[in-house]
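Colleague: With chain A's structure known, arrange chain U on it following the hints.
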Amino acid sequence: MSDLDILQQQLLEQVQKTETLADLDAIRVSVLGKKGIITEKMKSLGSMPTEERKAAGKQFNTIKNILAEAIESKKEQLEEQEINIRLAKEAVDITLPVRPEKQGRIHPLYQTYDEIIAIFGQMGFAVAEGPDIEDDFHNFTALNTPKNHPARQMQDTFYLKGEENSEKFIVRTQTSAVQIRTMEKQQPPVRIIVPGRTYRCDSDATHSPMFHQVEGLIVDKETNMAHLKGCLIEFVKTFFELDDVPVRFRPSFFPFTEPSAEMDIGCCRTNGELKIGAGNDWLEILGCGMVHPNVLKACHIDPDIYQGFAFGIGLDRLAMLKYAIPDVRTFFESDLRWIKHYGFVPLDIPSTGSGLSMTGGNKR
Amino acid sequence: MKFTLSWLKEFLETTASVEEIADRLTAIGLEIEEIIDPIAVVKDLIVVHVDECKAHPDSDHLNVLSVNTGKEVLQIVCGAPNARAGMKGILARPGDYIPSFKEKLKAGKIRGVESQGMMCAEDELGIGPDHTGIIECPADAVVGSSISTVYPCDPVFDVSITPNRGDCMSVYGIARDLAAAGLGTLKPLYSEEKPLLTPSFTSGVVLENEALEIGAPYFTLREIRNVKNGPSPKWMQDRLIAVGLRPISALVDVTNYFNIAFGRPLHVFDADKVKGKITVRSAKDGEKLLALDGREYTLSEGMVVIADENGVESIAGVMGGEVSGCQMETTRVLLESAYFEPESIAKTGQKLILTSDSRQRFERGIDPAATIKKYGSDLAAKMILDLCGGECSEIIITGQEPKTDTPISFDPQRVEQLCGVRVDSGECKNILERLGCIVSEENGKFSVVRPSWRSDITGSHDLVEEILRIYGYDKLPALALPRPNGIYGILQPRQRKESAVRRALANRGGYQTVTFSFMSSKDASFFRKTDPVLIANPISADLNEMRPNLLPNLIAAARSNIAKGTLDGCLFEVGPQFFGYKPMEQETIACMLRFGQNAPRHWAVNSRPVDVFDAKADALAALDAAEAPQNVQITREAPAWYHPGRSGAIKMGKTVLAYFGEIHPKILKALDVKAPVCACEVFLDHLPLPKKKNSKAIKALKLPAFTPIIRDLAFFVPKDVDAEKIVIAAKNTDKALITDVSIFDLYEGDNLADKKSVAVQITIQPVQKTMTDDEIESVCRRVIGAVSASTGAVLRS
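Just so you know, the sequences run in chain order A and U.
For the first sequence, counting from 1, position 337 maps to 337 in our numbering; every step adds exactly one.
For the second sequence, counting from 1, position 432 maps to 432 in our numbering; every step adds exactly one.
What the hints contain is simulated information worked out from the structure, not anything from laboratory work.
Some hints here could point you the wrong way.
[Unchecked claim] Below, a list of computed lysine-lysine pairs in the DSS-like style, where the Cα atoms sit at most 25 Å apart:
| hint | chain 1 | residue 1 | chain 2 | residue 2 |
| --- | --- | --- | --- | --- |
| 1 | A | K185 | U | K582 |
| 2 | A | K147 | U | K347 |
| 3 | A | K161 | U | K564 |
| 4 | U | K564 | U | K445 |
| 5 | U | K54 | U | K88 |
| 6 | U | K382 | U | K234 |
Extracted from the complex, chain U is given alone in its bound form:
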C-alpha cells in the first residue's frame, strides 16, 4: 500500500516528522517496506532564470538559452516548446543524476552548439507526469536555490498491510489508525452541517438484485447525467502517479482515487452503453466478459456479476467490462457503490486468476457503513459533479447494510493473562474507544461493539491484540520461561537414531547434503517401486515428482561434482522418500553414495574403485550407529537399480533394514555418470525401537579367566558357496567355546577350477579350565566336520 505524505496529511492533522510517522506505523503493525522521496534523488538541481532565448543556428526546433544560476551564466541547448526568455526553470548540470536516464548528465554539443547542462521536464526527473515542456517555476522562485524549494518534499510511504487489516488498505484508514495511536487527529472529511448532494431527478434505470444471498447483500446505483469527462485535475493525477497508477480520465480516476484514498471500491458504467434492466445475479456457466484489462474471462455459476440485456457488464467487485466502461465522450454514468461479501469475491478472483485493487479490498472486508454515507456514494458523486459537472439522481438501493456483529463481552484482565503485561481497565477502554469501538462497562467487564470498518475483530483475543498494539508491543516485559523439573527425552528414540546415523556417516567420510524432495519423473522412473507421486503445479518440469528414492538426486549430485572436477567423493543424505499421495506415505532413509576411487592417490596406499564392500560397510556402520540388532542376515535381494551380482540386502527376519551395492551400469549410463558408483540405503523407520522402560544399566562384564587359543583352518569349497556359511557352521559347532570366527584369506585362482580356498581363524575361549592339545584338536575336528557337512568343504592340507 503506497501513499504520499501530503495525501496522509489531508486526513491527519499532525506535526510528526517522516521518521516519527514511519516508526509509529511499524509499531502498530503497519510495517514500512520503503520510503521513497523522489525529490531527494534530484535535490542538487537548482532554479535558474532564462536570460536569453535564441534560435539554434542549425535546427528549426532547438533553442540556445543563456541561463543565470545566480553565480554564473551558462549556455544550454533546449528543445522545449515553452522555453523563453524571462522564465524560471530547473537546471541539471553535468554530473547531476537524471532519474529517467538512470545515469548522470554529461556535457556535450548538440548540433555543433555546446550545452552546459539541461533544462528539465517533470517526467525526466520522475517528479510528475508532465512531458509537454520544461518545468516553469513560479515567478517568486529564488534563483540558485534547490529544486526542493519549488517542489516540496513529498515522500511516498510503502506500507505492507497484513491480510486482516482491510481497513488500512486506504490512506484514510492509515490516518485513522495513526490517530488512534495518538499521532495526530483525524480531520473531518466534510462539514456535516449541510447536505453533500441535492439529487435533482429520479433515475429511470431499473435495478434488480438477485444476488442478495450469494454475495451482494447491499448494492446501490446512482445516475449522473450531463457530465463532461476529461483529464482529472493535476493534484489527483499526481497522487495516482505517486502510488503507481496511470491517470485515465476524470470519471475513471475518481474511482481509483476512492480505492486508494478510502479503500472504497466503486465502478462507473457508461449509462448509454447499458441496455435495459440491470440485474445483479450469478453468472451462468460459460458466460464471457471482455474486462477492462483487455482480457476475456469465461465465468461460471456462483460468480456475482452485474448484467443488462446485452449480458454481463461487470464482474462484481473484481473488474468492470470494456464495453460499458467510461470513455472521454461519456456524458451519462451509473455510479455503483456496493458491499460484496469477502468470500464471494475471493472465490471469483481465485477462479479467474484475476487480481485488482478492488478485489484486494473487498476480499479483506470493506466498511459497509461507507456504501452511501461517509466516504461512499454521496462523496464520490459530489466529486464527479465537482470535476465533471452535471446533475445526480436519487440513489437506487437494493438490499441493506450488513449489521455489525453482536457485542463482544470482554474481561480487560485477559490482557494481563494472555500478554503478561498489566494494562489497567481505564486504559483498555480508552484504547478501544480511540479505535472506534463502543464500550459499555458493567462490573469490570466490557461489552464492546466493534467499528463497522473492523470486520476482523470477532472475539476477545482480537481485542487483546488491539489493546496491546496501541499500548505498545515494546512495553511487553521479557519473562524467563519456567523450566520443567528435570529435562530428558528431548529427542524421541527414532530421532536419536537418525541423529547418530548422520554423525556416523560423516565420520566415515560422508559429506552430508540436502536435496530437494522433488525431482524429475525421468530420473525417478529408474527407482520406483510404486506409482509416481506427481505435483500438479511444479516449479519446473524437472521438479515434478515427489522423490520415490534418494538415490537419483545423489547420483545427479555425483555427476555434477564430476563435471566440476571433483572426481571422487562420498555424499549422504538423511531424509524422506515418498510412496503415496497421502500424509504419512513416506519413510526416512539414510542414503550414502560413493563415486570414483576410494582414496586419493598416495605414496603409501593403493587406491581402487569404490565397490560393493564400501557400500556394505557404510550400511553396517549406519545400522551400528542406530543400535540395530547384531543378528542380521545378508541376502541377495537388492532392487533392480543395483548390479545384480554386486549388491545385497541386510535383513532382520523379513524386515529389510538396508540395501547396498554397486549401481547398475545401465542406470549409470542412462544418467550419464562415467565413474563407478556404489551406495547404500538404510531404512531408519524399519529399525526396532527400544522398549520404553529399558534401564540404561549395562550388563556386568565377566572377563574369562583363561587365555584364548587361536587356530587357522583353510577349506576348499565350491565357488558358489557363501563364505558366510562357513563362518556360521564353524560358530555353531560349539557356541560356548568358539567366540569368534573370521575369514582372513580368500583365493580363487584358475588352478582351483570351480573351487575357492577360504581360510578362517577360529578363536577358542576355554571356560572352566585350560585346555589340553587333544581337547583343542578335538574342537578343530568338530569344526571341520560341521563345515564340510554344511558346505561340502574339504580341509586344505
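So here's chain A without its partners, still in its complex pose:
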C-alpha cells in the first residue's frame, strides 16, 4: 500500500468519525482548503518531472474526488441528523385548540327573507320598500278599505300621538301599503315583492306586536288568477324544497283583492310534530287575489286595461314552518344562544341556482 493509499484511508476514516457539521467543515478545510493536505500535494506537481507529473496528478485528483464525495455524503448525513433533532424538539401537542376565530350568524328571519328574494327574484320580481309609519290613505283607504269598513276591525292598528289637530299617522298593519306607494310612482308593468316589518296591537303566544310580511304584486295586461296559482305553487315547492306539496285555494276576503283566496298547503301532524308535504291536513299559509279595481283606480291605473295579482305571506311564519322554530316571540328576544342555534353562517347565501340554505350542525 502506497503512502497515498494510507493517507486516503486515514482521511476517509476521519471523515466517517466526524459527528458535527463544524468538525466536518474543519476536515474539509484541512484536506481540500487552500492550504489543505491534498491542495498542497497538487501544488507540488509543478516541481515534478513531466513524466511523473502526469501519473501523480491523476492519483491526486482521484484522492481529491473520493474525499470530496465522502465529505459531501457525510454532510448530507449530518444535516439529516441535525434537522431530525430540531424537528423532534419542535414537536407540539396538536390536540390543543386553535386560536379563536369569529363566526357570526344571520337571523333565520333574514335568511328566509333572502331565500324568498332569491325565489321571486328569478321570477322577475324586484324588491320594493316603504315606510313603517304610514298614513291612513296608503294603509287603508287606497287599499279599498274606507273608514268604518268592517275590515279595519280585522287589524288592530297602532296609532301615533302626533301633533294636536294634525293628521294622525299609524304604524303600518300590512306591507300592502307599499303596493300603493309603488304604483303611485310607476306605471305598469309592475312586478314587485315587498318584505318588511308590520305591526298589530296584539300579543299572545302566537302573535307578536311586530312581525314581518312579504307582499307580492303584479300588474300588467294579461296576468290572471291561474298565473297566481302557478306562481305560488312554484314558490312553495322551491321554498320548502319538496317535489310534492299539495296546494288548496279557498275563497276568502281581502278588501284590496277580488276574487280573493287563501292558500293552504298539505301537511301532516303526528305527535305534535308538523310536517309539510302530502298529508291528511291543511295549513293556511297566505292570502292572495286579483288586485281590486278600486286599488288600481286609487293609483290612477285603468282597471279596464290593467289587471294583476297580489299576495301577502307571513315571513316569520314561513321561517317557523321551514325551520321548525316553535315560538314566534323568540325571534325578537336577542338571546345569543338562540341566534347561534337557529341562525345561519354568513357565507350560506341563498340562491336558486346553487341551492337555498344549508342546514345542519356544522356550525361553530
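Modeller: Below, chain U without anything else, positioned relative to chain A:
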C-alpha cells in the same frame, strides 16, 4: 258564526254528511273553524233502567238506586229529586269522561254507601241546559245502548265569516249559499198561500223618524198586546245554548233567535215603559243610556237612537236600554224591525266601543227586503204570538225600503280574462241565478240585478268572484308565470348594500338580531336627538315610543344575555330608526354592539375588554362592504351617548357615515349593564349610490416594474397630535412615489412626559427606474421635513 246541524237542516233539504257539508262550506269561502259534537265526547255513556230506588240510610235527600245496564245491576247513589224506580236514565261509570267535571268519573262512597257510577243530568254532560234532575229517557229507549240513541248527534259548526259576507251571518243565509252551491235545496219558510198574520187593531203609538237621512232610512214598529212572557220553548233554548247564547225569556229569545237564524236584528220594547211619542233621531251630545249589558254609555251627536219623552231608550242597531227592556211581567210590547245603514252603525259602535250580535250584522249589511216580509217583522210577530199569545197591530212604517242598486253590466268573458279558466256563458248565468241574481242577456252581455241580501256585490269583479266561488276554486288551473326577458336589478343598489353589510357584520362575528321598532321612553331618552315619536295605544307602557335609535334595544339585549350567563358577545341589527311622526321620517341603520371581552379565554391568545377600536373596525368593515368611498375622515364628533374620549365619527365631507366608540359609562350605569360595551352605528341611507350607467368593468391592472422599498421612521410628537396627521403628511409628501404609510409602533411612557413616539413604515414604489440610495434618502428627508412641519414632530434618532 255557530250553528247546529239540525238548525241548518230546518232550512236546507240535504242528505249530505257532516264532512260533505264542512268541505263545501270551506270550498265556497265559509271557512270551517271547528266542528264540535257534544255527544261525541260522552258517547260511552249508556241508557239504564232504574230497578229500585231506596232512601239513603244516612241522608234525607239522597237515594240508593239499583240500575240495570242490561248486563249487570249496579248500586248508584243519586240526589236527583226525579230519581225513581221504573225510569230510564243515563249512566256514567268510573272512567267515563264528564264534561262539566273536566275529568273522568271515579268510583267512591257517598256517606258510607258505595256508588258504582253516576246518573247524569243534561248540564253535567254539556248537552243541554237542564239541571233540575237526571235525564229521563223515553220509555222505548233501549237499555244498554249508547246515549247517542237518545240524544242524536247534533254537531255544532263554527264558521268564520269574512266581513263582506253579512248575508251569511245567519243559519238561513248559510243554507241559502249551500243550496246555491248545489248541496241541497232551500226549504220555504212558510206557505205563501195564506197570510202569516191578521192584525186586529191599529196601535196608538206615535212614531216619528227624524233620522231618515242619517242612517235609519226604513224603520218599523208593531204593537203586540196581551202577551204572556215566560221561558222560551226547549227547542229554542237548546239552539241558543248550542251557539253560546243564554236563554232569558220568550220575548228576548225570539229576537236573539232571529239574529242567529236569519241575520235579522230585532228589538222588543216593553210598551208600558215607553212614554209618549217615539222618535228615531240623532243623539244629543252628552245624552246617556244604561244599556242591556248593564253599562252606561254617553252618546254623541250623529249616533242614531230611539227615544221617547223620557229620553234615549235604545241605541239603534247596537243595543237596547235596560229601562224599556222586556221582563217576565211584560204584557205589551213594541217590536222594532228596521234597516240601519252599515256606516252609521259601525261609527256608533266604534265610538262607544260596544259590540253586539246586532251591530255585527247591521254593519256588514242586512237584507232590507226582510224588514217586514220574508223573515222580517211579520214572521217574528207570528212567532211571538205563537209563543206568548196576544194580538198584534197593523205595522207602523217610516221611510222606505232602500232600493237595490242599478243593474251591473257584465261580460261573462271577464271570468276567463281575470281567472284564466273558461266558464261558459250559460254556466255563468246559471250560477248567478242560483245565487239569487236576476240576469238578462243581450248580445252575449249580461245585465245583473243582485239579490237584496248581497249588498257586497257592486261590480263585475264581484260577479267574477261569485261565479268562480261556486264553479270551484279547485278547478283553477296553475299556469307558469311568464318570465321577463333577462332578469337583473332585483335588488336596488341601496338594498344590495344593506344585504352586503348584514353578511359582512355576521362574518366579523356578529350575531344578527331583530328587535322591536318600539321601546320604552325611559331607555330612549338617553339616545334622542329629536322629539319622541309616541304611540297612542301602546301594547304595554315599556313599548310606547318608536325607537329613535337602535342602540338601547341592543344594550338591553346585552344586559339580558349577561343575566342569562352569556358574558361576552357581539350583536347587530340592521333596521329602521325614527326621527319624526310622518311616513319616511325614518332611516336605516346598521348597528353592531360588542360587550364583555373580545375573545374567549385561550391558551395562546390574551383576551381584553372590547374597546373603541373594535367598534371602529366594525364600522369600517360595514362601510367597506357597502362600497363606501375610501376617502373618509375620522373626527371626534360622536353623540353624547358615547365616551367622549373614546369615540368618533366617520365622515365624507359634511355627511356622517358612521359613529363608533365605547358607550358612555353613565349610560351603562343607568341601563344597568356591568360589562364594557362598544358599538358602531352606520347610516346606510347616507352612502352615495352608484351612478346608474356605471359599467361593471374594473380598471385595468398595471403592475409596477420595480420592487418597492421599505423605510421605517420614528417621531417624537406632542401627545395630543393625531397619529393620522403624521400618516397624511407623509403620504402627501410624494403621492407618486409613496404608496403606503402605516403606523407600526406607538409608545407613550412616563419618560416621554407630554410626548409620544410614533413609528411609521413608508413604502416607496419606484416608477420609471430603480432608485439609488441617495434618491431614497432624499425622499425620507422630505417626509421628515413634511411631518415635522405639519405636526411639530422630531425624528427619533
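Colleague: Tell me, which hint numbers fail for this structure?
Modeller: 3 and 4
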